[in-house]
Amino acid sequence: MINKVVSGAKEAIDDVSDGATLMLGGFGLCGIPENCINALVEKGVKDLTCISNNAGVDDFGIGLMLKQRQVKKMISSYVGENAEFERQLLSGELEVDLIPQGTLATRCLAAGYGMPAIFTPAGVGTEVAEGKEIRNFGGKDYLMEYAFDADFAIVKAWKGDTAGNLIFRSTSRNFNPVMAMAGKITIAEVEELVEAGELDPDYIHTPGIYVHRIFQGKDYEKRIEQRTVRKSGV
Amino acid sequence: MINKVVSGAKEAIDDVSDGATLMLGGFGLCGIPENCINALVEKGVKDLTCISNNAGVDDFGIGLMLKQRQVKKMISSYVGENAEFERQLLSGELEVDLIPQGTLATRCLAAGYGMPAIFTPAGVGTEVAEGKEIRNFGGKDYLMEYAFDADFAIVKAWKGDTAGNLIFRSTSRNFNPVMAMAGKITIAEVEELVEAGELDPDYIHTPGIYVHRIFQGKDYEKRIEQRTVRKSGV
Amino acid sequence: MFTKEEIAQRIAQEIKDGYYVNLGIGIPTLVANYIPKGINVVLQSENGLLGMGPFPFEGEEDADLINAGKQTITTLPGSSIFDSAMSFGMMRAQKVDLTILGAMEVSENGDIANWKIPGKMVKGMGGAMDLVASAKNIIVAMQHVNKAGESKLLSKCTLPLTGVKCIKKIVTELAVLDILPEGGFKLLERAPGVSVDFIKQSTAGRLIAEGDIPEMRLD
Amino acid sequence: MFTKEEIAQRIAQEIKDGYYVNLGIGIPTLVANYIPKGINVVLQSENGLLGMGPFPFEGEEDADLINAGKQTITTLPGSSIFDSAMSFGMMRAQKVDLTILGAMEVSENGDIANWKIPGKMVKGMGGAMDLVASAKNIIVAMQHVNKAGESKLLSKCTLPLTGVKCIKKIVTELAVLDILPEGGFKLLERAPGVSVDFIKQSTAGRLIAEGDIPEMRLD
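As they're listed, the protein sequences go chains H, F, V and C. Counting in numbering that gives the first Met the number 0, the first sequence runs from 0 upward without gaps. Counting in numbering that gives the first Met the number 0, the second sequence runs from 0 upward without gaps. Counting in numbering that gives the first Met the number 0, the third sequence runs from 0 upward without gaps. Counting in numbering that gives the first Met the number 0, the fourth sequence runs from 0 upward without gaps.
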């Protein structure tokens, strides 16, 4: 088998060049590809278009790339929690394309499933619909939205194997599997990399055919955005 | 929680009435809802439209319903292996709508994901495209195909829980999860029914929200269509 | 007048046994605390979870297990995890029985605005546009008037819309109202001690108050 | 002239290390037996499996584990199972590197007919239409002439089409041929002992044979 295993984040993102379009998995800070983001920051690649549900926080996640002005355009459903982001947006340094979260997910799915466009009711009658084709099916209006076309999808999984198969843990799954399917080149960082054959074929979330490069990441911080707890002993 | 658990196949299909449209999971005889098919045969419900990748064999699976003339129309990608089917088709007793297998699967997915129509290149330039809308995206032609609208989806899973969550085993998964998402009423028969909480949330193939009735089936025959083996001790 | 907690409590009465419910951020989140005993409800979190449980006990937080508000949460027996495409797929396919969300403005024809104030920093619509466009049953939990004393129930929304003709029921600190298919806020219940006249004054859109309007009950 | 086994063997030479390959029923299935040593190939079975292994040992058949031909099979280390929507999704997204299938007819512009003979019982196209419409690289394994001695490489297909302008390479018992983007069967290799003239006579569509045409080699 062609070796999909790379040494680490630096090698994995080595050919990401200025102006590339990247998908980055995660919801908030949950399930984000920490190692690859750090490597992209270190590499200093610029003018990126980033497709990601959120934009990180000031000092973590995509926020680190924003701070370095590496991002030309964000395509997200929910941004904020990020002062530098706001500054760049208001000053016109950063383009932002805000789209409904389900539209974001389904445009990834469409790319992964080879469907050039999909129909969704989300955004009909709002500014999101401006300039878009509207079509009525069964008495209800839908927007036609196009599949994403990303150079790289960068995702974070819990476990992966040398064949590129991925398993996600809990709600850190979120956008990761749909983005993994959608990149021309898909890079997966995993908490634990095992030999092909160690994962049960029935429980693989992303089949290896969608994954081009894989490595075992390190030093995961897994920062929690909103630590909410209840008192013990209730 | 509303109780989704029913006593067995008879109760599960009790309100399937003449003229209903049913989806039936399975590929060949692999992963078919044996118990429900037997109950439908016993009930003798008629004029059914069956959406199923295949049509069973003469004396098993959907073939049993065909033998009793319960099926008005089959929507499938591959039929045959079935003499009675052929007789009914050639005599005009049975309508058959043959559609590409990927189109069949994706029209189920569309229903389960609330997408009224999808685009696929399968069938462009062939008789499958007759009367259908063709649309060019990026220089390639696609057919627009509509989401299925089925009264019932009847699927077979390996394990299920009282919340309706399903896990499929090996390639008996096939059409079952996409059909499970696509029925207005989804009925799942499972080899083993467990209490909610016994299945790992990370490894559920069909979330319970899609499943309306569930029961533990019995006496699974799991017939093999093509028993191919190699000699031991090679 | 009702407190936020009481609005949540009143909305909880609309939840039926076996419902799958999506709760938005703010007052809607509080609804989870008032689900009547004996009623079993499965909460959907749009980031990919069915069966959202309470916050974890201190020390048991799991960074991989959060809700749509990015709060650490837990699962419950019968939970399932899925990706974002399936999460919004099940909404779009109307498998979620009830969606409860907040609003900045609602119009008498059921339009809702809750994501953007022009001139202010825009954080994005998140899943709100998908929810309102897809849900078969949406209840809006909101204040009847804003801090400036202006009605948020209008003949026409002034803010950028989140969705059109999608809201059917509103619960505020003053009233429970249905939005009629032909348009108009139909007053169903008054908060205790609040007069129909006061509700009329607080509603900029067309209010329909016919016959005796009972007080809301919270038991 | 080549046997079916030899056609399969020749096609196996086209497979590169790391390829994901979908093999149709018939001669294509035989290709699996000739994948060169040191070349790792992952076979996709359209019913929802990547990493199809050999037939099981007697007594180890599993009714839940079959391929698209409904044969009992096995998995291999690194296999994954998925549903039918994802299976055809990955094809449509051109993640499968190579598709090998049989044909009744192929035309000089790359059309293929392999699913229906009018007047005969029609069994259906199964996944064939999806495969030919989606695959980025398709090799047809077929007999050059039918049992009546008629060419199956035509200027235009006479049977109902499975797909249009999709076939790029054909391997028959007589020859290896490319279909040129502008149309026409370009003769690349002859089976041992078969003359260019004989191939010309056996090809009803436009055959392009330029320069010296080498014999196929199977080592």
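Be aware that a few hints might be false.
Stated by the list, open to error - Chain V side only, calculated, beta carbon under 7 Å to chain F, not exhaustive:
hint: 1; residue: G52
hint: 2; residue: P53
hint: 3; residue: F54
hint: 4; residue: T74
hint: 5; residue: K94
hint: 6; residue: V144
These aren't lab readings, by the way, just hints derived from the structure by calculation. C-beta: ideal position from N, C-alpha, C; glycine also.
These are the hints, each one checked on the structure:
1. G52: violated, 11 Å
2. P53: violated, 15 Å
3. F54: violated, 17 Å
4. T74: Where the cut-off is 7 Å and the nearest Cβ of chain F is about 5 Å from T74 (chain V), the hint holds.
5. K94: holds, 5 Å
6. V144: Status violated, d = 35 Å.
The structure shown violates the earlier hints numbered 1, 2, 3 and 6.
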